[in-house]
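Following the hints, position chain B against chain A.
Sequence lines, in order, name chains A and B.
Whatever position you read off the first sequence (first residue = 1), add 198 for the numbering used here.
Whatever position you read off the second sequence (first residue = 1), add 10 for the numbering used here.
I should point out that these hints are in silico values taken from the structure, not numbers from a laboratory.
Warning: the hint list may mix true and false statements.
Unchecked claim - Distance condition first, Cα-Cα at most 27 Å in a straight line; then the derived BS3-like pairs of lysine-lysine:
1) K211/A with K57/B
2) K76/B with K55/B
3) K262/A with K219/A
4) K262/A with K74/B
5) K105/B with K262/A
6) K262/A with K240/A
7) K219/A with K74/B
8) K240/A with K211/A
9) K214/A with K55/B
10) K226/A with K12/B
11) K57/B with K240/A
12) K240/A with K12/B
13) K214/A with K105/B
14) K226/A with K74/B
15) K226/A with K57/B
16) K211/A with K64/B
17) K76/B with K240/A
18) K240/A with K64/B
19) K226/A with K105/B
20) K64/B with K262/A
21) K55/B with K226/A
22) K64/B with K226/A
23) K226/A with K240/A
24) K219/A with K55/B
25) K262/A with K214/A
26) K262/A with K55/B
27) K219/A with K240/A
Stated by the list, open to error - Only part of the chain B face toward chain A is listed, based on derived beta-carbon distances under 7 Å:
28) T17
29) L58
30) A59
31) Y60
32) L99
33) Q104
Virtual Cβ for every residue (Gly too), placed ideally from N, Cα, C.
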Amino acid sequence: MARDGESRSFRRKFCKLCFDKVERIDYKDDRRLTRFITDRGKIVPRRISGTCARHQSQITEAVKRARILALLPFTSDQYR
Amino acid sequence: MKLYETTIIYDPGLEETRVAEEVERITQPIAQAGGEVIEVQRWGKRKLAYIIRKRRDGTYVHVKHKSPPALIGEMDRRFRLNESVLRHLTVVAQKESPRPVEEATKGTEAPAVAAAPAASAE
Numbered sequence: 199m200a201r202d203g204e205s206r207s208f209r210r211k212f213c214k215l216c217f218d219k220v221e222r223i224d225y226k227d228d229r230r231l232t233r234f235i236t237d238r239g240k241i242v243p244r245r246i247s248g249t250c251a252r253h254q255s256q257i258t259e260a261v262k263r264a265r266i267l268a269l270l271p272f273t274s275d276q277y278r
Numbered sequence: 011m012k013l014y015e016t017t018i019i020y021d022p023g024l025e026e027t028r029v030a031e032e033v034e035r036i037t038q039p040i041a042q043a044g045g046e047v048i049e050v051q052r053w054g055k056r057k058l059a060y061i062i063r064k065r066r067d068g069t070y071v072h073v074k075h076k077s078p079p080a081l082i083g084e085m086d087r088r089f090r091l092n093e094s095v096l097r098h099l100t101v102v103a104q105k106e107s108p109r110p111v112e113e114a115t116k117g118t119e120a121p122a123v124a125a126a127p128a129a130s131a132e
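Isolated chain A (complex conformation) (with noise of 0.2 Å):
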């Protein structure tokens, strides 16, 4: 009982976009880049995502660059 974790299946996690086989994240690409910021428009950390350092550090700026243009969030209004 206390060790929940065992009892569950383990799933090893992967890099979507190595999986996809995306060669460069773009800024522009606000539909993708959804997909790793939370409801809070905060970019989901790597070890729940699971995406490869260099992915990771494409999505940073991509992220950064998008908010600037305002095609994401910098946070989300029902926080505010």
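Relative to the frame of chain A, chain B by itself:
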């Protein structure tokens, strides 16, 4: 000379003719400085993710251009002075790396499609 991408968000109240004027005001200095405008994309009116200067929408224009780096600072200054520009962003454009996988499939598909109508015609 470097390859840049500039995106500008204009006031949504701007008429179509005025937007065309504004685009002209970007492309002309580029050409004058010896640069080259590669592509002008008009994304049209889009909803903003957050309110900028009390506006909920914005008219997006995306310009791909080759310009001398010295011009970028001047462009930035002009956007800041321009009241109808809500936001602007210039970045060094990434060269799209050719995707060998896609190219390969395209290469095999194209002749097949071309051959099919010819075969049916005969």
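Comparing the hints with the structure gives:
1. For the hint pairing K211/A with K57/B, the CA-to-CA distance comes to about 34 Å; that exceeds 27 Å, so the pair is violated.
2. Straight-line distance between C-alpha atoms of K76/B and K55/B comes to about 26 Å, which keeps the hinted pair within the 27 Å bound.
3. At most 27 Å may separate the alpha-carbon atoms for a hinted pair to count; K262/A and K219/A meet this at roughly 22 Å.
4. Annotation: proposed proximity of K262/A to K74/B holds, straight-line Cα distance about 20 Å (limit 27 Å).
5. With a C-alpha separation of about 20 Å, the suggested pair K105/B and K262/A falls inside the 27 Å cut-off, and the hint holds.
6. Of the pairs offered as hints, the one joining K262/A and K240/A holds, with about 10 Å between alpha carbons and a cut-off of 27 Å not exceeded.
7. Distance restraint check for K219/A and K74/B: the Cα-Cα separation of roughly 25 Å lies within the 27 Å cut-off, and the hinted pair is therefore satisfied.
8. As the CA atoms of K240/A and K211/A are separated by approximately 20 Å, the hinted pair is consistent with the 27 Å bound.
9. Taken as a hint, the K214/A and K55/B pair is broken in the structure, with Cα atoms around 31 Å apart against an allowance of 27 Å.
10. Taking the CA atoms of K226/A and K12/B, the gap is about 20 Å. The hint holds against a cut of 27 Å.
11. Between K57/B and K240/A, the direct Cα distance comes to roughly 20 Å. Compliance with the 27 Å bound is thereby established for this hinted pair.
12. Restraint check for K240/A and K12/B: the C-alpha separation of about 33 Å exceeds 27 Å, so the hint is violated.
13. For the hint linking K214/A to K105/B, the alpha-carbon distance of about 23 Å falls within 27 Å, and the restraint holds.
14. This hinted pair checks out: K226/A and K74/B have alpha carbons roughly 13 Å apart, not beyond 27 Å.
15. Distance check on the hinted pair: K226/A and K57/B sit about 14 Å apart at the alpha-carbon level, within 27 Å; holds.
16. This hinted pair does not check out: K211/A and K64/B have alpha carbons roughly 42 Å apart, beyond 27 Å.
17. The straight-line distance between the Cα atoms of K76/B and K240/A is roughly 34 Å, outside the 27 Å bound, and the hint therefore fails.
18. Between K240/A and K64/B the CA atoms are separated by roughly 23 Å; this keeps the pair inside 27 Å, and the hint holds.
19. Simply put, K226/A and K105/B have alpha-carbon atoms about 15 Å apart, close enough for the 27 Å limit, and the pair holds.
20. Taking the CA atoms of K64/B and K262/A, the gap is near 22 Å; set against the 27 Å cutoff, the hint holds.
21. A C-alpha spacing of about 15 Å is found between K55/B and K226/A, which places the hinted pair at or below 27 Å, so the restraint holds.
22. A hinted pair counts as satisfied when its Cα atoms are at most 27 Å apart, and K64/B with K226/A qualifies at roughly 23 Å.
23. Of the pairs offered as hints, the one joining K226/A and K240/A holds, with about 18 Å between alpha carbons and a cut-off of 27 Å not exceeded.
24. Between the alpha carbons of K219/A and K55/B the distance comes to roughly 31 Å, so the proposed pair goes past 27 Å and is violated.
25. For the hint pairing K262/A with K214/A, the CA-to-CA distance comes to about 20 Å; that is within 27 Å, so the pair holds.
26. Of the pairs offered as hints, the one joining K262/A and K55/B holds, with about 21 Å between alpha carbons and a cut-off of 27 Å not exceeded.
27. For the given pair, K219/A sits about 24 Å from K240/A by alpha-carbon distance, which is consistent with the 27 Å threshold.
28. The closest approach between the C-beta of T17/B and any C-beta of chain A is roughly 6 Å, which is under the 7 Å cut-off, so the hint is satisfied.
29. Because the beta carbon of L58/B sits about 4 Å from the nearest beta carbon in chain A, less than 7 Å, this interface hint is met.
30. For A59/B, the suggested interface contact is upheld, since its CB lies about 4 Å from the closest CB of chain A, less than 7 Å.
31. With a cut of 7 Å, the hint placing Y60/B at the interface with chain A holds, because the nearest CB-to-CB distance is about 5 Å.
32. The interface hint given for L99/B is met, as the beta carbon of that residue sits about 5 Å from the closest beta carbon of chain A, less than 7 Å.
33. Nearest Cβ of chain A to the Cβ of Q104/B: about 6 Å, under the 7 Å cut. The hint holds.
Violated hints, in rising order: 1, 9, 12, 16, 17 and 24; the structure is consistent with all others.
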